[in-house]
Amino acid sequence: MKSKRRALLKILGALALVGVAALASLLIKETIDSTDPENNLPLIEASVGYTKLNVVRANFEWNYITRKVRGPGLSAESGDVPFAPLDVIPDSKLVVVMSDPNYISISVSRADGMYDADYIEIYGDVFTPKTPGVYYYKIEVSYKKGSLLYYTAVRVQDPGQLAVG
1 MKSKRRALLK ILGALALVGV AALASLLIKE TIDSTDPENN LPLIEASVGY
51 TKLNVVRANF EWNYITRKVR GPGLSAESGD VPFAPLDVIP DSKLVVVMSD
101 PNYISISVSR ADGMYDADYI EIYGDVFTPK TPGVYYYKIE VSYKKGSLLY
151 YTAVRVQDPG QLAVG
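Residues in the sequence shown are numbered from 1 upward in steps of one, following my numbering.
These aren't lab readings, by the way, just hints derived from the structure by calculation.
Please read all numbers here as calculations on a predicted model, not as lab measurements.
Glycine residues also receive a C-beta, built at the ideal position from the N, C-alpha and C atoms.
You may find that some hints are simply not true.
Unchecked claim - What follows is a list of derived Cβ distance ranges for each label pair: (1) LEU23 x GLY113: 46 to 56 Å; (2) TYR50 x LYS145: 24 to 34 Å; (3) GLY73 x THR31: 21 to 31 Å; (4) ASP91 x ASN40: 35 to 45 Å; (5) ASP91 x ASP118: 14 to 24 Å; (6) PRO101 x TYR50: 16 to 26 Å; (7) ASP125 x LYS52: 15 to 25 Å; (8) ARG70 x ILE120: 19 to 29 Å.
Full structure from sequences and hints, please.
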């Protein structure tokens, strides 16, 4: 009887030590991730056709076990975001892909001018406008752990300029 009790105590002790080690490693990982969130947040890729767009993360709020971390809070309207519009074909589909597909929601809004604060949310498939010009997109992504905000820009070319001669 004594040997069974001793064996049971050893097993329970080993399980407790494994649990403490798992909790400690989780807290260490969260601490490391929260000190450098820029390299640990989900990545985004946006493209129009074969053109991969320049996407800038303007803000984030991410909840870790031990604390909440907020990003720089850049504003497109005040000129904080460095836009680099790329040339795209009119009426082309904009495709947004997140490295972590387990997001709760994603919304895409468009403004027709750089300092236009009136971003209009686009529902369903997102296509570039048919009218030539520069257009700005705001992409907001929500996860259980927080939210991310991105900006990108495209320059829709005049169809007459696209003809190869």
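Notebook entry, point to check: Regarding PRO101 and TYR50, is the given constraint of 16 to 26 Å on their beta-carbon distance met?
Noted result: Because 22 Å falls inside the window, the suggested range holds.
Next item on the list: May I ask you to test the hint 14 to 24 Å on the CB atoms belonging to ASP91 and ASP118?
Entry: holds, 22 Å
Check: Lying within 21 to 31 Å: is that true of the beta-carbon distance GLY73 to THR31?
Finding: Once the Cβ atoms are compared, 23 Å apart, the range 21 to 31 Å for THR31 and GLY73 holds.
Next item on the list: Please test the hint of 35 to 45 Å on the beta carbon pair from ASP91 and ASN40.
Entry: Since ASP91 and ASN40 have Cβ atoms about 37 Å apart, the given range 35 to 45 Å holds.
Notebook entry, point to check: Falls inside 46 to 56 Å, the C-beta gap from LEU23 to GLY113?
Noted result: holds, 51 Å
Next item on the list: Starting from the hint 19 to 29 Å, judge whether the C-beta atoms of ARG70 and ILE120 obey it.
Entry: Since the Cβ atoms of ARG70 and ILE120 sit about 26 Å apart, the hinted range of 19 to 29 Å holds.
Next item on the list: With 15 to 25 Å as the target window, see if ASP125 and LYS52 comply at their CB atoms.
Entry: holds, 19 Å
Item checked: Supplied distance hint 24 to 34 Å, evaluated on CB atoms of TYR50 and LYS145 -> holds, 33 Å
Figure legend: structure checked against the earlier numbered hints; every hint is met.
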